[in-house]
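Chemist: Using the sequences plus the hints, can you model the full thing?
Protein chains in written order, with our numbering: chain A, 13 to 123; chain B, 560 to 674.
Please keep in mind that the hints were generated in silico from the structure rather than gathered at the bench. C-beta atoms are modelled at their ideal positions from N, C-alpha and C, and glycine is treated no differently. Treat the hints with care, as some may be off.
Stated by the list, open to error - Anything over 10 Å on all C-beta distances counts as not near chain A; from chain B, calculated:
1. 566
2. 579
3. 612
4. 623
5. 627
6. 644
Unchecked claim - Computed footprint of chain A on chain B, listed as stretches where at least three residues anywhere in the stretch have a Cβ under 8 Å from a Cβ of chain A:
7. 593–603
8. 663–669
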Amino acid sequence: GQSLEQPSEVTAVEGAIVQINCTYQTSGFYGLSWYQQHDGGAPTFLSYNALDGLEETGRFSSFLSRSDSYGYLLLQELQMKDSASYFCAPDGGGATNKLIFGTGTLLAVQP
Amino acid sequence: DVKVTQSSRYLVKRTGEKVFLECVQDMDHENMFWYRQDPGLGLRLIYFSYDVKMKEKGDIPEGYSVSREKKERFSLILESASTSQTSMYLCASSSPRRGWRNIQYFGAGTRLSVL
Numbered sequence: 013g014q015s016l017e018q019p020s021e022v023t024a025v026e027g028a029i030v031q032i033n034c035t036y037q038t039s040g041f042y043g044l045s046w047y048q049q050h051d052g053g054a055p056t057f058l059s060y061n062a063l064d065g066l067e068e069t070g071r072f073s074s075f076l077s078r079s080d081s082y083g084y085l086l087l088q089e090l091q092m093k094d095s096a097s098y099f100c101a102p103d104g105g106g107a108t109n110k111l112i113f114g115t116g117t118l119l120a121v122q123p
Numbered sequence: 560d561v562k563v564t565q566s567s568r569y570l571v572k573r574t575g576e577k578v579f580l581e582c583v584q585d586m587d588h589e590n591m592f593w594y595r596q597d598p599g600l601g602l603r604l605i606y607f608s609y610d611v612k613m614k615e616k617g618d619i620p621e622g623y624s625v626s627r628e629k630k631e632r633f634s635l636i637l638e639s640a641s642t643s644q645t646s647m648y649l650c651a652s653s654s655p656r657r658g659w660r661n662i663q664y665f666g667a668g669t670r671l672s673v674l
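Modeler: Dropping the structure here:
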């Protein structure tokens, strides 16, 4: 079977650093992606890790450990506009590019 | 920029009506997806299509069907709408994996209310 776990809610203050963890279990695995969704908006792509290690894109970094079936999204220098839901989405592989989305993590950034 | 356009932002229908949700993408993507999003349940895959006239069931296909007659257009059909299908519906598209990244591009969503 497949499963996906990430915290339902995280709260942090402006300027802080926050880490959103994700553990997954899938029948196949090609990589781990992260999406951001603001309230009322569409999910938008943030990052994709195909290999173990850290990928950095500006204030956001994403990490993957394939052997542990674990990844995280790290947000630095938090801003109010980072308040949103964040979804980790394992890529189960195959030609159809299906991603497995879960319930996401609601991040609330407070002043 | 990739553009995925859903025909309606808000839709109100009555129980038993046949409902069509339309999605068009302008990037010549082979793959298209329909999700529904409900509070506490996240994004759940209803159907996806990997080519014209090709479709596969996702995790929650009951009560839905799809149509893909042209590459750029993917329609979700509620044969007989029920109140349990009140939800936010999101369409997405992607190209077959080239290199190492797999990115889905989403439309703005259609919020459907069935009364």
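Chemist: Please flag the earlier hints that this structure goes against, numbers listed from lowest up.
Modeler: none
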